[in-house]
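*Asks:* Sequence:
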Amino acid sequence: KPDIIVTTYGSSNVGVLLNTGNGTFAAQTTYSTGSYPIEVAAADVNGDGKPDIIVANSGPNNVGILLNTGNGRFSGQTIYSTGNWPDSVVAADVNGD
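Its first residue numbered 34, the sequence shown is counted upward by one per residue in my numbering.
Hint data in this document are derived by calculation from the structure and do not stem from the laboratory.
Please note that the accuracy of each hint is not assured.
Each computed SDA-like pair below joins lysine to any residue, with the alpha-carbon atoms no more than 20 angstroms apart [as the list claims (entries may be wrong)]:
hint	residue 1	residue 2
1	Lys34	Thr57
2	Lys83	Gly48
3	Lys83	Ser114
4	Lys83	Asp120
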């Protein structure tokens, strides 16, 4: 069942709304990010079979990775610097490994 991940640009976090299975969603759980999170992607970045969250934080010029710890919960973000004002993010295996 697809869940929803949203950025909340003005409050510097991402929110996760878990699908309850009947066409509705549980209340949002929020996770802190850098300032002005603008876009998210979901991908299994650590190979454990669970989708993780990647967020472009345009304020501090970085992307954050929040690892899925199971049951719809995520770790605090690990930050990677980018150029100025990242405003989109895509996850892809660009080096073929």
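*Asks:* Which numbered hints does this structure break?
*Replies:* Of the numbered hints, 3, 4 do not hold.
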